[in-house]
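J.: So you can see what is in the structure, the chains are spelled out below.
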Amino acid sequence: MTIQDDSFIGEILASHVPERPEIAPDWVNVLRRAGVRERWRLKRSRRRMLIVLATILAAMIVSVLAVSAENDWWFLRDGPFKGPAPAGEVVVVAIGTWDGNGWTLAAYRTNADPKQENICEALTPEGSPGPQGSGPMFECAPIPAPSESFSFAFKTGPKGSGFPPYVLAVVQDEAVNVRIELTDGETIEAKTTPAPAELGLPIRCVATPLPGCPNLERIVALDDQNNVVAQSSVLHQPGGCNDGTGWKLPPPTN
Amino acid sequence: MSDRVSATASVNELERLYRAGFHRYLRVAEAIAGNPESGLDAVQEGFARALRHRLDFRGEAQVSTWVWTCVVNAAKTARPQRESPIDEEALEAATEESRPSSVLQSLIVSLPERQRLALFLRYYADLDYRSIAEVLGVEIGTVGATLNKAHAALRQQLEEVPK
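First to last, the sequence lines map onto chains R and Z.
According to the numbering used here, the stretch in the first sequence is residues 1 to 254, in order.
According to the numbering used here, the stretch in the second sequence is residues 1 to 163, in order.
By construction, these hints were calculated from the structure, which means they are not laboratory data.
Treat the hints with care, since some could be wrong.
To be clear about the criterion: a stretch of chain Z counts as covered by chain R if any three or more of its residues have a C-beta under 8 Å from a C-beta of chain R, and this derived list gives those stretches [what the hints assert, rightly or not]:
1) 16-27
2) 60-66
3) 118-128
4) 153-159
The C-beta atom is built at its ideal place from N, Cα and C for all residues, glycine as well.
The shape of chain Z in the complex, shown without the other chains (with noise of 0.2 Å):
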């Protein structure tokens, strides 16, 4: 059944979209905002904005994926802005065989912030190409591309840890 509402989304279907979701978006904000307890505080604060912002969704895109658009954005506010830099130091020390998840968040905190987020999106939130391309603000063909590119920033990396 399609979430799309004609005129404003209710509190009943916030409620609806909240509770069936709620690990999923906490997922998805701890890992913008860099810990559980602003993780939390941004899906709290994300739902909070829907709400008083309902009576102002007109229906141009789902109301789920407008949801995910008011956490993310609630997330990117509550992130700690200082960006990490790859552990250089973590990376030598890293074998194949047993990699530091220090490490592996060097990582994924090293790409850029579209690649993070589509990541986010796709993997914790398991979203399709098209919301994906919604939450982001982005062209629909422009997210397959940018999966593609942290794929490969990701291997790359990986393939350079020394043995």
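Chain R extracted, bound-state conformation (with noise of 0.2 Å):
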């Protein structure tokens, strides 16, 4: 048999794998297997609420794009307080009001350690021009796995400018709550809220204030049926509450 053109690799292929219509696509399993939340796909009974949540959400997206364009991401400046290189966008986790002061709080990630993936967060109250002194956080941390305790951090802010003692942390996207205990017994609950598909990692975060000047005990991750998902204890808490103090955990020991 001689063959003088190509066109039988057509016929060859046709017949090797047929077409396949019978099967469907399935984007919520890509995104299941991927870890990223469809949380914009909102069924047509919610999208009348959507509407109203988007004008509110514009609203806040414009105070937020003014926070950032001020502020430039202080954290991503030149000088002493810069933070690693992010391997991604910067997006905004959350925006919010404590006791009458605004802060908004972003988050990114960074491949700068060679050793592992990490998660930077910085809360910024509103009008803070940078890092010094007026109760912005910035932290570095592992992506929290499943059932290892994760990091967090407390701040206070300037004395006088009313801005309250708070917490910054990123847990298991499964830790819907977390709860704080105080040394003396007082426990403290906050929601946590899910990173932005933005940031492609199945994380929550949470940022929450705190009443007076607080010893922290322990803060524990807990999933919506109240079960704990991991918890970090402080050792060693230094420094009261002066005028921007903060520490990370694991607190410094000195």
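Combine both chains into one complex, guided by the hints.
T.: Shown next, in the form of structure tokens:
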């Protein structure tokens, strides 16, 4: 047999693997495999609510953009407080107000540490120009693995500013709440916020104000059934609540 | 419109590619992996990898070609390790008028991997030479040569089929 042209290739390949129109795409399965939540895909019954929320969000985004434009992300500026280089974009996780003081929580991934990927997050009080003593906090920590303790940070605002002491943490995706246990037996519960899809990480963040000048004993991450997902204990809390006091877990021992 | 993205590949962009090209991805992945189940799993896993690493995408290639690379790599991982040799007996039994599909499959499976992948990406995915080159990590000139070799090898093997 002599074959003069290459038209036979298409014939061979057509029979080699047929088309399979009966198999339908399943994007939700892809998202689940990737660990990306499909938060933006709401059912039709929720869409009306979404429009209302979108209006509110639009106003918030304007505020956030103003903050980011003004700050140009102080933690990425050259200088002693410059954070590690991002491996993606800096995304706003949440914005809020404590006692009338606005703040923005932003986060980004970094591969600056060759041993492990880290997540960096920064809380910036509204109008804060940068890192010096105005209540902002910046921390980078390993991405929390299931059942492992997680990193968190404690910070006080400048004296007389009215900005309260607060805790900042990144927890596992299952942890919808955290319980902050103080040494005097008091507990404070706070809801966590899922990281935006742009971060591409199955984590949640929490930023919550604390009353007075608290002594922390432990932070417990809880799932939606109130089961303990992970916990981190404070062995030594330095500093008290002076102007701009801050520390991270594990806190310094001196 | 170019699908080159300056910073990262967005979730929406990846979903658009997935929905628009699902059956082409599936066909290529099945051809590489060897069966529909593994092919489907490879497509899902390939896109999941693309999603997980979308922030690492720096726009050196088109998003669509980068996604093809993810799917092809996932399919290669899912593929059975055993390389099927040419089915000589089936070849001998074949006639010019009716070649059993097993013979045709044996001919394709017997090709070197790069030639097979180039064929699949050309005929099933309908990719141009530049895109195939980016997916396979070779020079664009190599793609034409690879496809020519694949054609020649298939032509020769078919001509050797006894009448």
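J.: Now, for every hint given, state plainly whether the structure supports it.
T.: For each hint, the structure was consulted:
no. : hint    : in the structure
1   : 16-27   : holds (count 6)
2   : 60-66   : violated (count 0)
3   : 118-128 : holds (count 4)
4   : 153-159 : holds (count 4)
Consistency note: the structure conflicts with earlier hint 2 alone.
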